[in-house]
Amino acid sequence: MSEMKNLPQVGVESVSKGAQRARYTAYMQGYRKLEQKVKTDKASREKAARVGGAV
Amino acid sequence: MMDFEEFKASVAEQIKDYLPEKYADATVDLQNVTKNNDTVLTGLLIRTEDSNIAPNIYLENFFAQYQDGEDLGEILQHIADIRVNHEMEQAFDVSKITDFDQVKDHIICKLVNAEMNADYLADKPHTLVEDLAVVYAVDLGGGEGGRMSAPITNNLMEQYGVTTQELHDIALQNLSESQIEFKTMRDVLVDMMFPDGIQEGDPRAFMLPPEEENPSMYVLSNADKLNGAAALLDAKTMEDISEKLGGDFVVLPSSIHETIVLPLNDDMDRHTLEAMVQDVNAGQVAPEERLSDHVYMYDSQAKELVLADKMEERQQQRAEAQKDAKEAEQADKPGKAERGEKKPERERVSMKEKLPEKKAEVAKNEANREHPVPSKTKETALA
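From first to last, the protein sequence lines stand for chains A and B.
Mapped onto the working numbering, the consecutive letters of the first sequence carry residue numbers 1 to 55.
Mapped onto the working numbering, the consecutive letters of the second sequence carry residue numbers 1001 to 1383.
These are computed hints drawn from the structure, not numbers from a lab.
Each residue gets a CB set at the ideal place from its N, CA and C atoms; glycine is no exception.
Hints are supplied without guarantee of correctness; some may be wrong.
[To be verified] Not the full set, but computed from the structure, chain A residues with beta-carbon under 7 Å of chain B:
no.: 1; residue: Val-12
no.: 2; residue: Arg-23
no.: 3; residue: Tyr-27
no.: 4; residue: Val-51
Only chain B is shown next, with the shape it has when bound in the complex (with noise of 0.2 Å):
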């Protein structure tokens, strides 16, 4: 069994074998990528003298499957066959990533984590949401073997002329377009596993969950089930969401493909939510597909994605701001001093005194609060 290291070589060294004769004179590199989570994969580049452009195609997976058992010779024919399905008929005409009025109607949004991906931020522009951080790709379409993107950069969105903000609105504008998808999991599973639907007496149908009638966990995420984390970014979806479950809802960060949505159980506390992510995350999601160790929650009232130990602090100032506004309208009732009932001058001034009060306590929690993002900031990483 090779090692990763031998496995590049060998794959580097053997793919021209499975490609078209086209490929014979095509240079072969290796080259290491920053991805997400700054994650750093190793990129093939199959390049052909007429071409100007060619897709990197990532090995991990490919190495995860030999390890898996999988044969050399049919993991270095599918790299052939992606290799192959996502060569340009022409010379790729560079315009389709730089010239906006052509890019505008491709720019996607991903949702990555904002601490984990320092590096990767420093050159392109993003938008905080909580501890997220939103950034934008040209989608460049895609084939059997996945989709083709290249990542907008500063100087990418400068050549542009576009601000963050505007790159920001036309992604949320494409993706309130595209087709976002929000099933129970049970639906999810039974996709993913029976795609020509159950056959009775079928074992593997015991593995699911059981049919409810009011579902636990739900999946959000897009049609190619590829970056589709960005789901939480329209507010539609969100608010469809919210009328369905009733109003708030918990969110688990699964993966930066999708996300999980829960309804609210008060029987659920945050910490024991957020232990059974980070347990998840560190057993079974690869580094470079992680979103968050956190779990967040839909303020239905507030209409935006918060932080969960965030949203409990707003749920307690709004019921002591509901309290106090009872007690201070109690306070001013006539009838009391109508019943000789009238209570000290000094306590009805302070009742009326308390409202403002809290809510500048409340602002000032908000701004104090050490988080490694301040809510709904939007700021760009334009050096």
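One chain only, chain A, in its complex shape (with noise of 0.2 Å):
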């Protein structure tokens, strides 16, 4: 056992299906989110360039 310890530590790894939907979920919720405001952002601006005489 000696000899084990000084092996590097050999570890398993695996990913979670779940916390991976999760994350790939939120980002995609997160950016249609942004995108909407960008549009409703824009529209605005637009809008008070309009009202303002501008444009």
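Make the complex out of the two chains shown on their own, each in a separate frame, by following the hints.
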């Protein structure tokens, strides 16, 4: 067993599909919200410009 | 419901009941192991008399399953299956880890956060890429329960008789020969949720993003989706993506297992994207799987991955340099003198001088930047 102590740590790694899906869904929803916000902000700016007579 | 301490003790006590007869005399130990982001995980180590090596099976994910309501017996059976699947037929040939000739084709790289891994990196050779660190491991193969690997420490590298740079080059060569996957988010979700294809009328299909002619989100990883963020280090892959998406692109560090690639969208500013990354990290990503809270970009001109804020500076400097070059060119046109529009000598000289000055200014700015790590710096943590 003393030999084992000198060996590097060997680990088993795996991915949780549930955690993976949760990340993907969060990014998808987050990005959709951002896209929506960008659209809304753009529309507001354009409206303000029209009202102000700048365009 | 048990807490984690009780769960660990219970697993250690009962696991032998789920293992085959040959494990009757095995010793069962629990040990703390420092993993990514200096997270300490609990490894379950089941050693038989005739084996000189055994895998650590980390219990944190199993505890999460237990908390989600999974039956303890089923969890124990799953752990036992992992142990059996990773049993070495004979005593493990230690040279598979220590003999460089045997190891070199199995050296893999992983991408982690440099700052969050200060302790983990202390005894391991690594290469910095912006605020991320490339670390190396020996891949020992995989089974149903996951992949087995041994991290390369400074001691091991010394035994190999190679430098960090050589290790890095070998790992990148192996990476380039591995299976890297770049797919739309929709395709990844379809693979994950509908391995046998989408059946008509399946209500879960509504959860999928719509099919788009120009997808707004891609996932970059490897075939196993394990430590797949390292795919960012494959130069050919990055160039191919750049070609597909038409130049520079955005990289969101979703986890150490994969990154999310977005085509450039002028309407999305870095701060908004960064806030989203931080939000998802805090709410959805396990601490040991977090890669970074920053947004990155692929600079297609320099062919490298850079922090998005640095890329913004580069873009500004390039635009200014381009403008100055144009002005200098205009000022040097002989037609003006012929037309009697000769500019004062002083102004013409200053235009010519401006380009090298600008270059020096750019270099100075890069050197003075306050960042956790400088760009493209390669260094080793050899003690």
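Outcome of the hint check:
1. Val-12: 5 Å, holds
2. Arg-23: 5 Å, holds
3. Tyr-27: 6 Å, holds
4. Val-51: Val-51 of chain A check fails; min Cβ-Cβ to chain B is 22 Å, beyond 7 Å.
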